[in-house]
Each structure stands twice: as C-alpha cells, then as structure tokens.
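Here the protein sequences come in this chain order: A and B. Using this note's numbering, read the first sequence as starting at 1 and increasing by one per residue. Using this note's numbering, read the second sequence as starting at 1 and increasing by one per residue.
Some hints could be false.
To be verified - Covered, in the sense of this in silico footprint (three residues per stretch, anywhere, with C-beta under 8 Å from a C-beta of chain A), are these stretches of chain B:
(1) 7-13
(2) 62-72
(3) 251-257
Rather than coming from a laboratory, the hints here were simulated on the basis of the structure. Using N, Cα and C, we set each Cβ at its ideal position, and we do this for glycine too.
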Amino acid sequence: MKNAIVSVVGQDKVGIIAAVSALLARHQVNILDIRQTVMQDYFTMMMQVDLSAISCSLQDLKDVLSRLGGEMGLVIGVYDEGLFNAMHRI
Amino acid sequence: MISQHEVLDTLRMIEHENLDIRTITMGITLTQCIHEDADEVARRVYDRICAKAGRLVQVGREIEAEYGIPIVNKRISVTPISIIGAAAGPKGCLAIAKAMDRAARDVGVNFIGGYTALVHKGIAYGDQAVIDTIPEALDITELVCASVNVATTRAGINMDAVARMGRVILETARRTAARDSIGAAKLVVFANAVEDNPFMAGAFHGAGEADCAVNVGVSGPGVVKCALEKVRGQSFDDVAETIKRTAFRITRVGQLVAREASRRLDVPFGIVDLSLAPTPAMGDSVAHILTEMGLESVGGPGSTAALALLNDAVKKGGVMASSHVGGLSGAFIPVSEDAGMIDAARAGVLTLEKLEAMTAVCSVGLDMIAVPGDTPAETLSAIIADEAAIGVINGKTTAVRIIPAQGKGVGDEVSFGGLLGEAPVMRVSAVGCGDFIRRGGRIPAPLHSMRN
Numbered sequence: 001m002k003n004a005i006v007s008v009v010g011q012d013k014v015g016i017i018a019a020v021s022a023l024l025a026r027h028q029v030n031i032l033d034i035r036q037t038v039m040q041d042y043f044t045m046m047m048q049v050d051l052s053a054i055s056c057s058l059q060d061l062k063d064v065l066s067r068l069g070g071e072m073g074l075v076i077g078v079y080d081e082g083l084f085n086a087m088h089r090i
Numbered sequence: 001m002i003s004q005h006e007v008l009d010t011l012r013m014i015e016h017e018n019l020d021i022r023t024i025t026m027g028i029t030l031t032q033c034i035h036e037d038a039d040e041v042a043r044r045v046y047d048r049i050c051a052k053a054g055r056l057v058q059v060g061r062e063i064e065a066e067y068g069i070p071i072v073n074k075r076i077s078v079t080p081i082s083i084i085g086a087a088a089g090p091k092g093c094l095a096i097a098k099a100m101d102r103a104a105r106d107v108g109v110n111f112i113g114g115y116t117a118l119v120h121k122g123i124a125y126g127d128q129a130v131i132d133t134i135p136e137a138l139d140i141t142e143l144v145c146a147s148v149n150v151a152t153t154r155a156g157i158n159m160d161a162v163a164r165m166g167r168v169i170l171e172t173a174r175r176t177a178a179r180d181s182i183g184a185a186k187l188v189v190f191a192n193a194v195e196d197n198p199f200m201a202g203a204f205h206g207a208g209e210a211d212c213a214v215n216v217g218v219s220g221p222g223v224v225k226c227a228l229e230k231v232r233g234q235s236f237d238d239v240a241e242t243i244k245r246t247a248f249r250i251t252r253v254g255q256l257v258a259r260e261a262s263r264r265l266d267v268p269f270g271i272v273d274l275s276l277a278p279t280p281a282m283g284d285s286v287a288h289i290l291t292e293m294g295l296e297s298v299g300g301p302g303s304t305a306a307l308a309l310l311n312d313a314v315k316k317g318g319v320m321a322s323s324h325v326g327g328l329s330g331a332f333i334p335v336s337e338d339a340g341m342i343d344a345a346r347a348g349v350l351t352l353e354k355l356e357a358m359t360a361v362c363s364v365g366l367d368m369i370a371v372p373g374d375t376p377a378e379t380l381s382a383i384i385a386d387e388a389a390i391g392v393i394n395g396k397t398t399a400v401r402i403i404p405a406q407g408k409g410v411g412d413e414v415s416f417g418g419l420l421g422e423a424p425v426m427r428v429s430a431v432g433c434g435d436f437i438r439r440g441g442r443i444p445a446p447l448h449s450m451r452n
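So here's chain A without its partners, still in its complex pose (with noise of 0.2 Å):
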C-alpha cells in the first residue's frame, strides 16, 4: 500500500470537500483519512489516501486535480507520505 497526503489550500466555498473525493473516488483513490479546518475564511484540508488501486498514473492525478484547484481557486497537491514521516518522525 502506497500512502500519499492531499493538501487543498485557498479560499473556502460550498462543495470543495464534495468536488476532490469525487475526483479521486474517480480513479479508485481510497480516502484514509480526512482533516480540515477553515481559518478566518481560509481553508484548508489534508487527506491521507491510498494509491494502491490508483487506475491512473499519479502524474495523471497530479494534473486533473491541479486543473480543479485552478477551477475553483485552490491549491491542490500529492505528496508521498513518507516526506513527512521523514521530516517529522524519528
């Protein structure tokens, strides 16, 4: 199983959380975990999810997501999990 954390950045607004799981249910993108929290009107998220089913290649995920982030005025990236167990786990 490959974890991966998916951080949405920017300014909140109806059916952010709706539009990305429904993206990555798209391509069989589990959702593990879910945080968010919306500060003075920001918002922010990070879910943790499993790529081992992924039926795209994770540039290919990189790049709808990014395209719905712009569409909606967030910031939306992948990062492997394990560059934050690294940076913040001994």
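Please arrange chain B on chain A, whose structure you already have, making use of the hints.
Chain B alone, transformed into the frame defined by chain A:
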C-alpha cells in the same frame, strides 16, 4: 496520521523557503575504461557514463514528482582523470574531457566532475597530463568541472603544484575571456579534498569508492533563516538549538531522497552531504542567516563567530538524521552564488581577507570570487597557499575557486548566469609574493599529522 500542522510546515518550507535537494550526484568508477589509445579510452568513458547514468535524470524527476520536493541538480562525478587518462597521455585526457561533456549532455545532467589530479605529495605523469590540459579542457567543454588537490594534513603542501595552479587558473581565465573567464569558475584547487563530495565544481569519485554510488547534497539556507526569525533577540543557545532542529529536518529529506534514488537506480547509497548551499535566488542565502543573527552585513566583525556557530549547529542537527554523512558537510560561502554575499561585496564590506578568516570555520574556502584580470599568477598561488595552510593545519577541507576576470578591474561585474551567479570584482592585495612562490618544494606536514 501526520498532523495538519506538520504537513503545512513542510509545504511552507518547500513553497516559500526554498527547501530543496540541491543535487543527486552519481559517482562512477572509470578504471575499467583505461586504454593507451586516446580515441578508445574516450569511447569507453562515454559508453560507461551513459550506461550507468542513463536513468539518473529520469529517476530524479520521478522522486521529485512523487514527494513534491524539488531536486535542483542531477550530476555525475568520475574517477580522477589523472588515473584514467595516464596511459593515453595529454591527448587522451583531452579526448576523455570531450567524451565526458558529450555523455553529460546526452544523459541530461548539468555538470560532470572529475577532470581531477591529486598532487598533494607529487605530480605523476597522469597528473601532469591533466593539469597541462585543464585550460583547454575547460575551454572546449561546457559541463566538465576540474579540480586539483595540492595539499593534505598528512602530506603537507606541494608548493610546486600551488605555483603551477596559479598559472593554470590564469590561463584558463584567459582562454575563456570572452565568457567572463567562466573556465576558472569550473576549476577548484583543494587542500584535503574529499572523495565523495556531491557538489560542483569539486566533485570527483575517489579511488576508495565503490563501482558506483549515489551521493546527495541537501540545501536550505532559506529554511534556517526563516526558523531563526522566530527566535529574534533570544540568546545564542536558542539560535544553536533552532538551527539544529531545522538541519535535522532538512537532512532527513536528503536521506529519504538518497535512499529512494539508490533503490530505484539499484546503485549503493554513498553519503548525504550536510552542506548549507546557497543560490543567487532571494531567500536562499547563507549570508542572510548571519544577518538574521544580528549582524548588519556579512563581512563585518562577528561574521566569523556567527558562521562558526551555524556550521557547527548544522552538523550536530544533521548527523543524527542520516546513516552516512560525508562530502564537505558545512556551510558554503560562495560570493557569486549568494545574494547576501554579492550585496556585501558590492558595498565593499566583504573583503578577501575577511573571507579567508571565515573559511577557517566553515566548509570549503574562497569560493566563486572574481578578482582583477591583471592579478599576477604568483598572487593567485599565494592565495591558494594561504587557504591550503588553513586546511592543512586545521585538518579540514579548504578550496580556492577564484576567477581572474580578464579585462576587468575592481568594481566591474562578472555574470556567469544560472547557479554560478554574478559577482563584483574584488580587490586583491598588491603586496608582492613572487619570491615566496618561486621557492618551490613542499611545506612539510604539521606535527599533529603524525597520529599513529
């Protein structure tokens, strides 16, 4: 799960503070390629580099995409060409330089190091062949980097080689005069050179190294500077602690990338180099870390102490984060590649003499310094001798990468573009040292070299 705060922390470092992996450098042994025919050895060198490093750039890009961490440079270091080219002589060495350049271009790396001679005790035939051809090799190639080790703590300083290198630097600068003497920017003169350095222009793959190895150089002056902004006005205890914590995180990313690159390329992991390497970009400056500590500008009183603290804390933080630390591992202070250093040099508050003092407490030495084009070769040699003495006596690596900018004087500017940056031409002492350099011979190894 990783907390939101931790994710945002990491993303901030990457997006806003220039956290990146400065280089993945593949070291390749070339001893299999030795042949007395110049064309044959060159052909073998080209084939071997392409065979080993063919996937290097692609794998680097994959890791970059998956982890979201920029990997700025992919590079290659090879066995010193003084060993590989000896049988084929100077003609063979030049043919190898051309083959290295072509191979580097074809596999897509931006520099290849190893046009190197190790002459700290004496100059052998192969060393002579490399040194004699350095000016031409750096003129006719674009991506090849050269280095010469003229001193070690164990052997002392080879003053014949020091004298020779002053002339070689000058000749290299002259041959590339039309391009701001850029050839000299790709030539490093070392004391106590290391065999696993991933950083250019001084990288080579030492004779004690494996067939092939992956070495990684981390970076992150911007991250350290931003971390220090949060402890403004607090004591040095807090400064050191903050740098250590930050260096640990930066190095962990380096270790992760090194392990991943090693696995994907099926090449053993060599070392992570803990050096804080600046770039000319805003927010990526080692000098600005020193000003954040409270100095008005780098180059003023206090600069050496601030740099010493930084260099030590980076090592202490980084060493636990990696299974094998090596290379140069210390802060770099190249003038033309650091926005804060460039500004200080332009303002005249950073002098060659202060830089020399600073090199006693950090990694490497007088790096990327432009001096007037009419600086005599003996003066360049004497500057090399001074740096070598600092390295030899303190048991550390020092280096000189100095550019006598042809046709330019103090206050003029040189511009190399890209990572090599731009710099003002700095003043050099006019006090004569010709008789000193013309003595030749060797400065004996210091007493403390006898440790057996």
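Verification of the hints:
Coverage of a stretch by a chain is defined here by at least three residues with a beta carbon nearer than 8 Å to that chain's beta carbons; for the region 7-13 of chain B and chain A the count is 5, and the condition holds. Here's how the region 62-72 of chain B fares: 5 of its residues keep a CB closer than 8 Å to some CB of chain A, so the rule of at least three is met and the hint holds. Counting residues of the region 251-257 of chain B whose beta carbon lies closer than 8 Å to any beta carbon of chain A gives 4, which reaches the threshold of three, so the coverage claim holds.
In the structure shown, no violation is registered for any of the earlier numbered hints.
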